[in-house]
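Asker: Whole structure, please, built from the sequences with the hints as guidance.
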Amino acid sequence: MASAPTQYRRNYLSLQSSKKYGVPVAYLIGIEGIETAFGTNVSTSSAGAMGYFQFVKGTANEYSYPYTNEKTEPVYAAQSDAAAHYLSVLYREKKSWAAAIAAYSGGGYTLADVESKWQESQKAYLHERERGKSFLGGAGSVPGEVGKTIENAVKLPGSILEWLNSGGPVKLGLDLLLVLAGLALLVYGVIVAVRPRERAISMPRASVKV
1 MASAPTQYRR NYLSLQSSKK YGVPVAYLIG IEGIETAFGT NVSTSSAGAM GYFQFVKGTA
61 NEYSYPYTNE KTEPVYAAQS DAAAHYLSVL YREKKSWAAA IAAYSGGGYT LADVESKWQE
121 SQKAYLHERE RGKSFLGGAG SVPGEVGKTI ENAVKLPGSI LEWLNSGGPV KLGLDLLLVL
181 AGLALLVYGV IVAVRPRERA ISMPRASVKV
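Using this note's numbering, you'd call the opening residue of the sequence shown number 1 and step up by one each time.
What the hints contain is simulated information worked out from the structure, not anything from laboratory work. Please note that a few of the clues may not be correct.
Said to hold, decoys possible - Here are the computed lysine-lysine pairs in the DSS-like style, where the Cα-Cα straight-line distance is at most 25 Å: (1) Lys95 with Lys19; (2) Lys95 with Lys20; (3) Lys94 with Lys19.
Answerer: Here you go:
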């Protein structure tokens with residue numbers, strides 16, 4: 001059975017959804033924090049909403065949201081995409097993020113509440129970082145925009161942490177190995193070219209008898 005994605009992995013997946021639909025990643029993470037306490041309370045609400053972002057059945061069908069409380073990475077990725085898509089539609093209709101989030105929540109919470117939850121997630125990240133969470137890919141990887149403000153999360157998506165998540169260090173290491181291998185071949189070629197010349201210089205000339 002597949003394990004549930006960690007908060008740090010979910011944040012990274014939300015970043016991908018935010019880029020896809022032009023939604024601030026901070027709002028997706030904040031909404032998840034309010035709706036399901038950052039994935040610790042994924043259950044069916046009294047209104048019949050399900051999943052990490054709490055969609056009711058009709059909205060779930062409209063936005064291809066997996067209508068389930070299953071806690072796996074593929075389910076989260078699809079639910080995050082649907083939430084980002086829905087929020088982007090609300091933003092176009094309402095002309096402001098504050099109004100879009102109020103519509104998303106049915107008036108249950110505000111933009112300020114979402115921003116507060118985002119900040120809470122960053123504090124949790126810093127705490128877990130001190131405990132040695134993995135900086136590379138996989139289920140324990142960190143989100144690409146951790147540590148940035150909400151504005152920077154939108155304006156500067158290409159962060160160092162995102163580079164780490166994408167396997168950048170591994171690619172860099174392979175590139176360095178290729179460069180070193182090329183240098184080694186170059187040095188070897190120089191040595192091979194110089195040695196015959198050295199032997200030719202050191203050989204004594206044959207005496208010529210008249």
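Asker: Sort out which numbered hints this structure fails and list those numbers smallest first.
Answerer: The structure breaks none of the hints.
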